[in-house]
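Asker: Kindly produce the complete structure, drawing on both the sequences and the hints.
Chains as they are written, first to last, in the numbering used here: chain V, 224 to 520; chain A, -19 to 271; chain L, 8 to 287.
The set of hints was computed from the structure by calculation and includes no laboratory data. Note that this is a predicted model, so its numbers are computed, not measured. Backbone N, C-alpha and C define an ideal beta-carbon position, used for all residues, glycine too. Where hints are given, some of them may not hold.
[To be verified] Chain L stretches covered by chain A per the calculated footprint, using a threshold of three residues with CB under 8 Å from any CB of chain A:
#1 58 to 65
#2 165 to 171
#3 202 to 213
#4 259 to 266
#5 270 to 278
[What the hints assert, rightly or not] Residues from chain A that keep clear of chain L, each with C-beta distances beyond 10 Å, as calculated:
#6 ARG77
#7 ALA114
#8 GLN194
#9 GLN239
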Amino acid sequence: MNTPAIRIKNLTKDFSVGMRGVKLRAVDDLCLEVGDNEIFGLLGPNGSGKSTTIKIILGLLEASTGTCEIYGKPSKQVDARRSVGFLPEAPYFYRYLTGRELVRYYARMCMVPRAKIDAAVNSVVELVGMTEAADRRVGTYSKGMLQRIGLAQSLVHDPQLVMLDEPTAGVDPLGSAAIADIVRELKRRGKTVLLSSHLLAQIEGLCDRVAILHRGKLVREGRVDDLVEEKDAESLVVEGLSAEGRAAVEATIQAQGGILARIEKPRLSLDAYFLKEVHQRESEHAAQQVKTGSQKS
Amino acid sequence: MSVLQHPLIVRLSRVLTILLILLLLGLLTRPIEAPAWKVVKAGQPEMNLEAIEGALGQGLVVGVLGGFRAILADFLWIRTNTIWERRDRVKLDAMVRLVTTLDPRPDFFWINGSRMIAYDVPNWRIREEGGYDAVPKVRQQAIDYDQAQQAFDLLDEALEFYPDKAKLYLEKGQIYLNRLKDDARAAEWFLAASQQADAPYYAARIYAELLRKQGLDTEAYSYLKDLHRELPNVPYAQKGIILERIRELENALKIPFWQRFQPAVEPMLEEPRGAPAFDAPEPHDHAGHAH
Amino acid sequence: MSLLNSFTRIRLIAGTTFLEAVRQKFFNSLLIISIALVASSTFFQQFDFGTGELKFITDFGFGALFFFGSILSITATTQLFFNEIENRTALTMLAKPVYKLEFLAGKFLGAHLLMLSFSLVITLVLSGILYWREAALLARLGEDVLLDGPLVRYGDVFVFGFLQWIKFGILAAITLFVASFSNTNLYTIIVSFFVLIICQLQYIARDAYSGMEAGLERFLVMGLGLIFPNFQLFNIGDQLVFDVEQALPLTTVLRLAVYGLIYTCAFILLAQVNFRRREI
Chain V
224 MNTPAIRIKN LTKDFSVGMR GVKLRAVDDL CLEVGDNEIF GLLGPNGSGK STTIKIILGL
284 LEASTGTCEI YGKPSKQVDA RRSVGFLPEA PYFYRYLTGR ELVRYYARMC MVPRAKIDAA
344 VNSVVELVGM TEAADRRVGT YSKGMLQRIG LAQSLVHDPQ LVMLDEPTAG VDPLGSAAIA
404 DIVRELKRRG KTVLLSSHLL AQIEGLCDRV AILHRGKLVR EGRVDDLVEE KDAESLVVEG
464 LSAEGRAAVE ATIQAQGGIL ARIEKPRLSL DAYFLKEVHQ RESEHAAQQV KTGSQKS
Chain A
-19 MSVLQHPLIV RLSRVLTILL ILLLLGLLTR PIEAPAWKVV KAGQPEMNLE AIEGALGQGL
41 VVGVLGGFRA ILADFLWIRT NTIWERRDRV KLDAMVRLVT TLDPRPDFFW INGSRMIAYD
101 VPNWRIREEG GYDAVPKVRQ QAIDYDQAQQ AFDLLDEALE FYPDKAKLYL EKGQIYLNRL
161 KDDARAAEWF LAASQQADAP YYAARIYAEL LRKQGLDTEA YSYLKDLHRE LPNVPYAQKG
221 IILERIRELE NALKIPFWQR FQPAVEPMLE EPRGAPAFDA PEPHDHAGHA H
Chain L
8 MSLLNSFTRI RLIAGTTFLE AVRQKFFNSL LIISIALVAS STFFQQFDFG TGELKFITDF
68 GFGALFFFGS ILSITATTQL FFNEIENRTA LTMLAKPVYK LEFLAGKFLG AHLLMLSFSL
128 VITLVLSGIL YWREAALLAR LGEDVLLDGP LVRYGDVFVF GFLQWIKFGI LAAITLFVAS
188 FSNTNLYTII VSFFVLIICQ LQYIARDAYS GMEAGLERFL VMGLGLIFPN FQLFNIGDQL
248 VFDVEQALPL TTVLRLAVYG LIYTCAFILL AQVNFRRREI
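Answerer: What follows is the structure in structure tokens.
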């Protein structure tokens, strides 16, 4: 598909504050394109205009000036939202419904044909890993489960564009990792994902491209690698090198006209370390369970 | 930013637009609202606001105007009952006036109020003055007349609201008959009651009976004959009893056999639904209390 | 087809709104208080009012329906609206292909369904108590009291319940309209109560202006009488149930229903005008 998933041109949003009509500019002349089948990160500190931009994309707010299109359709048209799934930050759902009833409810809101509802609901519930808890009431869900069932409701009508507002806020690292996996799976299925976050570490490994907003203005935009790479530097990760060997490498670098800028111990991110440890213990626990089970039988 | 785009102007213009829309809506719905309001308003007689405001205060008046008129009158009636139990006749009179001014619609208030004033208050007054044995008969009668007059004033006021309500005429007749023992005046009111559209059949029979009591047998005979002819042939009209009375009068007046009343032979009709047809004097529950 | 889809969405939103509403403690407390109040009208039997007791019970029941119904209509609509905004359920919902008008209509219908259940429960309880007391009175006073016609016309109790429900509809729509431009729960409730009082007393202005001299004052009074709907129209409890001669004509009942429906739709549409501009 050549049409970009989102095309924002010279978008500005002013809010009038008080009776005297003092203008507060939330988004300032923003131009942005999100390509199809891309994972795009909208980054920025609180109050940078991320949520306002998302609301304009969703047609929940009208832009003061500029245009916004979703797959070529003006975003203020209700019709444009047929191809959009949205998960708000810290979503609240009717607590008396079960997870499955909730997803089914939103499927019906999106006019998923009756014959296809069951299959659609089961499929997204499975995708977000909530099959076992789907028949429990939403009121009993943990924060991570709420996010996942929220994700399921946003996907149930099979939208081409999925927008996630702070999807990992308040969710533990395991839950965040699970959400990241779902996002990657969505990309694999050909979907476009736009996510906004201020938890940059979680986004870094996930997004193809990011845009950084500050006070409503676009500060930077591009591929994550392009933005964070030190263009003029390279790092070698070496194992089992003796002191002599290290002196020889340093001499060679000098001889070749390079400068040894710094020597560091490579580190895992705390996220990755935590996940590695937990996953290792989880698999040990599972193996133990299997063993105990077979001994009993 | 032009002046017209100033948020204050924008808001003001929005408010004015909404007011204009509502104004137009008010005009457009008038043809539906006006006839309905006419019907509803007909059931809500005007109030003497000044009298009520003096007694209740402004806060309650808003409640009364806002739709709590009936319920407030009910509460005041309960209060009237407490006062009645305490035998505070001055307050009782004021409360009955207040309740009937506040909500003149239910005949319940008028009738029971007048019963309290005409039947109960004289007893209290006579007891206050020493009891039936001590108070001379003349004085007792004067008290009876005084109280009956107050009850009549109340019922006359009720008749201004409901000039066609037989119950009110009957009530006056009952006071003349039961309290003042004035058969002649009682008869007038029973006759008036019998002439109302919603009159019970017994009103006319009591009138004839009162004529007999006054020795006016000829008039009673003539009246009952006409009554028998006019009444429909339904069970509640009790034409059998009327015929019995006619026969009694014929015997008393020694009417020759050939001149006696010959009732037309008619088949008995079913009682028409909703017809004013009650045929028993109402129980005298003077405001519902035993005396 | 799209209109049908629209109705489906409105129905779905109304359904969840209603279910959410009946789970609210506030609704249940108010319902219990109202039932208790109507039931406590049996206290009138101690006064031995004769058949007049039935009038007292009815006045009490109608009063409870009118008073608590108005409170519930305003507070429940406000709460249901702001809950959705504050909890961001509205955000989730409106991010779907759902029109804001569908959302508002769904919210309104949910609240209106709540009021229907409330009105129905109160009228049923009232009818039950009337039936019980009527039977007791007949046993005590004898069948003679029936000669003047039936003591209670039960159909009228439901006619009153129906017309109150229609009025609650206008009130809920007005509340929704106020909520559409207000930022807080409390502001909406206070303003809506003021509007209720004005609508309840509007008839004074409505009837007064014709007798006034031409001028600004007359113009203002006339405006007041036209801008606000006349709620006194629905204050017909005294013309129902007992007074056989002046029973409320069916055409008047229908007129009142149509009047209520027009105002309800109008206020929902006005709410939509504000809600369209509102940040969710």
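Asker: Of the numbered hints stated previously, which ones are contradicted by the structure, given in increasing order?
Answerer: Failing hint: just 2.
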